[in-house]
Amino acid sequence: MRLESHLRARRDEGHKLLVPYVTGGLGAGWLDVVRAVADAGADAIEIGIPFSDPVMDGRTIQEASQRALELGATPAKIVAEAGQLEVEVPLVVMTYCNPVLHAGYARFAAELNAAGIDGAILPDLPLDEIGEWAEAADATGVETVLLAAPTTPDDRLRAICERSRGFVYGVSLLGVTGERDQVAHQAAEMGRRCKAVTDKPVLLGLGISTPAQAVEVAGFADGVIVGSALVRRLLDGGGPEAAREFVGSLREALDR
Amino acid sequence: MTAPSRGTPVRLDPVDAPEPTGLGRFGEFGGRFVPETLVPALEELEAEFRTAWSSDEFRAELADLLTNYAGRPTPVTECHRLSERLGLRVLLKREDLTHTGSHKINNVLGQALLTRRMGKQRVIAETGAGMHGVATATAAALFGLDCLVFMGAVDVERQAQNVFRMRLLGAEVVPVESGSATLKDAINEALRDWVATVETTHYCIGSVVGPHPYPWMVRQFQRIVGDEAREQCRVRLDGADPDYVLACVGGGSNAIGTFAGFIDLPNVRLIGVEAGGLGLATGKHGASVSRGVPGVLHGARSLFLQDEDGQILEAHSMSAGLDYPGVGPEHAELAAQGRADYVYATDDEAVAGLELLSVTEGIVPALEPAHAIGWLAREAGRSVPAGTTVLVTLSGRGDKDAAQVAERLTGEQLE
Ligand SMILES: Cc1ncc(COP(=O)(O)O)c(C=O)c1O
Chain A
1 MRLESHLRAR
11 RDEGHKLLVP
21 YVTGGLGAGW
31 LDVVRAVADA
41 GADAIEIGIP
51 FSDPVMDGRT
61 IQEASQRALE
71 LGATPAKIVA
81 EAGQLEVEVP
91 LVVMTYCNPV
101 LHAGYARFAA
111 ELNAAGIDGA
121 ILPDLPLDEI
131 GEWAEAADAT
141 GVETVLLAAP
151 TTPDDRLRAI
161 CERSRGFVYG
171 VSLLGVTGER
181 DQVAHQAAEM
191 GRRCKAVTDK
201 PVLLGLGIST
211 PAQAVEVAGF
221 ADGVIVGSAL
231 VRRLLDGGGP
241 EAAREFVGSL
251 REALDR
Chain B
1 MTAPSRGTPV
11 RLDPVDAPEP
21 TGLGRFGEFG
31 GRFVPETLVP
41 ALEELEAEFR
51 TAWSSDEFRA
61 ELADLLTNYA
71 GRPTPVTECH
81 RLSERLGLRV
91 LLKREDLTHT
101 GSHKINNVLG
111 QALLTRRMGK
121 QRVIAETGAG
131 MHGVATATAA
141 ALFGLDCLVF
151 MGAVDVERQA
161 QNVFRMRLLG
171 AEVVPVESGS
181 ATLKDAINEA
191 LRDWVATVET
201 THYCIGSVVG
211 PHPYPWMVRQ
221 FQRIVGDEAR
231 EQCRVRLDGA
241 DPDYVLACVG
251 GGSNAIGTFA
261 GFIDLPNVRL
271 IGVEAGGLGL
281 ATGKHGASVS
291 RGVPGVLHGA
301 RSLFLQDEDG
311 QILEAHSMSA
321 GLDYPGVGPE
331 HAELAAQGRA
341 DYVYATDDEA
351 VAGLELLSVT
361 EGIVPALEPA
371 HAIGWLAREA
381 GRSVPAGTTV
391 LVTLSGRGDK
401 DAAQVAERLT
411 GEQLE
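Protein sequences, first through last, are from chains A and B. Note that my numbering gives residue 142 to position 142 of the first sequence, counting from 1, and the numbers run on in steps of one. Note that my numbering gives residue 171 to position 171 of the second sequence, counting from 1, and the numbers run on in steps of one.
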């Protein structure tokens, strides 16, 4: 319960939560990027394990995944390397069902646990299909975060919030990951609906691109997830410093 | 022949086919592995299909379209010269004779009716060879729907004629550059579009792949191929059934539709022919049942070509319609049960099959079903004993492949 308890504690101290996403294996220095993100004030960090066919991802994360795979990233390597990170904040892997199924649900959950990774997000494993994986994850203490979408009806939303561990991932728009000029109109409603049925931490994510957008969206729930906007900076040649600066600007805006 | 004449409504689904269990499961395969955003739309589609499929009005409307628009029933043709050449009795189920030139229209007309029932104004589709894209663009024109078709950039190149047809029909064609730039990537891109547009858009999937209810629903729309063929064979074979029923397998819709008509006849051997590409040993092929392992892609648990880390591999086939590293979940289950066998034909064998059928019967098949002919030519008198009766589903006509085959055979580009 480290992920949930950590996020709850931070929320209850009056902070808006900030969870950045970093593509695992994106360049030799990716672990330093994660450290910089932690230093800059992340409350938890999502580590993406690249998959060949990421249907929930837009161009930026597709490209990052592709590049990481070309550099030889594998799920086992990323998990093992993440195990060497000595960061204070909880880590959550984000990947797709197939690499996990291929490794074996029980084995993968055990590897995450051994590496000190607290949670997992599998966007193509919705509530109805979660059973087998959740059993393995629950048994090892890995917290499985579920996504709730703007299209999710109320009764189903309640069940998702009930089953989600760590936090609830509210999808703040209709679409895939990727930067947007504006906050989607669905974000406010998504935050309100999730908050109405759970007191677990509720984070909104997808498309959040700037400190101003982060502040706006964080106002609808307990905090935000920021992926493509950070990953784009890494693809553009930015390293730990660029990551620290961007995440720092998000942190500062949220704390203001 | 007692086949109904044009104008007589075709019959749909004369016997009840087995439904998947639970959440679209065929054994351990199938399911609904999609982003949460899509789940409610899939539930709506399943409910709509269920209601429609048991409604006389829907069936009458679909039967009317299949008869008077698509040109069903399609005949079963006896191949005298090919039979003599191979020492077999070969019958062809002629899906090449449908409007738009392949079996894809059977499924698309059903889904177009559902789209209208759900009050959606826009359809999206993926396409490999372009036949499903053409069929979808055709139905969209007929129903006055907006239509966007995703097609791998490699396929846009090799099936240029179909790209033009789709545009002529008023559809927008989007070349997909990501990944292998073929069918798999076109499906990825269609799913990404759908996640953003699901409230107003129907995703018209072209094969028995994808999340529940697609593999089941598309099979039901395609089983007319097998149901017709079973009756037509009985007429032609004095009440007997063929010994072998053969169809090519990309995602598997023409095959599963054909198999559905014969599945309860244990003496009929069902054979799916996959793309052998440059040969299985080269790793450049599309033989997902023969060489795939269980995994999850495009919403379903099935068999997929993948590496040791669970990354999906690129398939290879000169035939764009079979160039897919997976297969529909019901095929994975039929293979697991041993009810159907899955074999392959290489690119070379497919081209030889295409030439053979052309010169012996005056029928130029599409490259996809040419794989079935090519396999049969290889196995006649070997694993397929001399004198046996074989029904082959000819899923489409070869017009779309003329340029590609000409270049391969003559080394020259067609004008
Ligand atoms: C003529 C033809 N046959 C077969 C296929 C393969 O699809 P399926 O396996 O779903 O029948 C295609 C797909 O493009 C096709 O155009």
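Some hints could be false.
[Stated by the list, open to error] To give a feel for the contact side, a few chain B residues facing chain A, derived at Cβ under 10 Å: (1) G31; (2) R59; (3) V293; (4) P294; (5) V296; (6) V359.
The set of hints was computed from the structure by calculation and includes no laboratory data. All residues carry an ideal CB built from backbone N, CA and C; glycine is no exception.
Each hint, compared with the structure:
Look at G31 of chain B: its Cβ gets to within about 6 Å of chain A, closer than 10 Å, so that hint holds up. For R59 of chain B, the interface hint is violated, the least distance from its beta-carbon to any beta-carbon of chain A being 29 Å, above 10 Å. Hint status for V293 of chain B relative to chain A: holds, with the closest Cβ pair at about 8 Å, below 10 Å. Because the smallest distance between the Cβ of P294 of chain B and any Cβ of chain A comes to about 8 Å, under 10 Å, the interface hint for this residue holds.
Interface hint status for V296 of chain B: upheld, as the beta-carbon distance to the closest one in chain A is roughly 4 Å, under 10 Å. Because the closest C-beta pair between V359 of chain B and chain A is about 41 Å apart, greater than 10 Å, the hint is violated.
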